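Protein chains in written order, with my numbering: chain A, 40 to 300; chain B, 40 to 300.
Since the hints were made in silico from the structure, they are not lab data.
Only a predicted model underlies this, so the values are computations on that prediction, with no experimental measurement involved.
Treat each hint with caution, since some may be false.
Copies of the same chain are indistinguishable here, so a pair counts whether it falls within one copy or spans any two.
[To be verified] Pairs of lysine-lysine residues, derived as PhoX-like cross-links and limited to a Cα-Cα distance of at most 20 Å, are as follows: (1) K75 <-> K139; (2) K254 <-> K75; (3) K60 <-> K129; (4) K59 <-> K129.
There are 2 protein chains.
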Amino acid sequence: MARLQKVTLSQIKLTASLKKKKYRRLESLSIAEGSKLAAEALKAGIPVHSVFFTAEAAEEHSGLVELIMQRQIAVFSCSPSDMVRMSWLKTPPGCLLVYKTDFQPPPREGGLLLGLYQISDPGNLGTIIRTADWFGVEKMLLSEDSAELHNPSVVRGSMGSAFHIPVETGVDLSSEVESLKRSGYKIAIAVTSSGRPPFPIDKKTALIMGDEMGKLPPEIEGLADIKFTIPRKGCGESLNLAAACSILLYVLTGKTNIIKD
Amino acid sequence: MARLQKVTLSQIKLTASLKKKKYRRLESLSIAEGSKLAAEALKAGIPVHSVFFTAEAAEEHSGLVELIMQRQIAVFSCSPSDMVRMSWLKTPPGCLLVYKTDFQPPPREGGLLLGLYQISDPGNLGTIIRTADWFGVEKMLLSEDSAELHNPSVVRGSMGSAFHIPVETGVDLSSEVESLKRSGYKIAIAVTSSGRPPFPIDKKTALIMGDEMGKLPPEIEGLADIKFTIPRKGCGESLNLAAACSILLYVLTGKTNIIKD
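Isolated chain A, as found in the complex (with noise of 0.2 Å):
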């Protein structure tokens, strides 16, 4: 295997400084971290700025490290603690991919389009991106004021999800419901009470979620053509918003067939 270059202290402190939301926005980067996650970001074809490895995990990731290099990426070796330095994990992984995150995935057809209000933990973002890739949803649609895309606790729980669904972000979910209603989407909304217990729907719907307490704000539930509430069997005040909404993008896409890879 090729020797790598060894990474330089200002790619360790331009590294270390995406750990803060405000240099991620302002040098347009993020990381992802873990052979699988960065394995995936190449092969979803994201514009990638550079990646290390530390000696061992280049041993033992030597074929993606050979992909890498293939396609001219910049690619550094470094020590375990520069890699701790770096990191986002309390036990890095010993890859770590920084990738540039003004791109968008290419657009995909399918009819279903996931809206999240003002969706506030990264961990309930990344599994629900993960959720809406596998039942094939065509876009999602993120609200101002929600938890941040490229935050690395997202990405990681999409499993690489972010990388290839569309999501536009800084949403005024508002208009852009009515502009879709206009549209010929039917809007379904999840409540907390009183809506009707899910069903399959046709295409060109646009299911929109509220925040973590379930809400929504009243001009996008005046707008809805279903409201969808999942029946309780048993105790508790409500579900995890992620539950919901794998509940409901399930039920949802019960119609649709199973696309092939």
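Fit chain B to the known structure of chain A by using the hints.
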């Protein structure tokens, strides 16, 4: 409102020590933060060791303070900086309850058991407990080497359902599944491919979920009466464990009656 006693240094030290799993185990104590979770603990009647409030939180939640005092539970005031020292959270909500972990919620009926094999992520475990409660799961079984039930992130993620639903921990899941099968339970397992799409089940079923990679030991796979796979309609390699579990619990309980509060 009655004046609260001031927290002592030894109480602060004891509570702060509970951030470590070792001390949670040694003391059989753990913490639940926030007025909502504290109220859930009281409602569930679990054994409470002590409760701490900042002055601001005590004023805001004076009803809760009264209730705690009526129950003759030790309750103390502390400064915001003492609270930071004891708290598990970045932004402490100002109310922290210490409870004894050696309790078991009252048994339930329902016929659906949920077994988790080596679940490692506290966030996933908390979400699954909350979802299991919502769908009326009778009892949960956590295998050996699973995330700790009384990790404060689990209890928080469960939104208090961990105080309500019976959970057996450290279970030898293979022998338990064998003995459940002998006593007439149907064994349903989740597999990442080649299983049947989920459908509603009759009573007396144990649903067993694998670890975060979907893996189950072969002896449990061998005991399965039904293998379920959630059909993929889009892309991605897999679903998040808590998302998959939510969908399965929703579908499996499709036939059961809704329990009224």
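Comparing the hints with the structure gives:
no. : hint         : result
1   : K75 <-> K139 : within (18 Å within a copy, 41 Å between copies)
2   : K254 <-> K75 : between (35 Å within a copy, 18 Å between copies)
3   : K60 <-> K129 : both (18 Å within a copy, 17 Å between copies)
4   : K59 <-> K129 : both (16 Å within a copy, 16 Å between copies)
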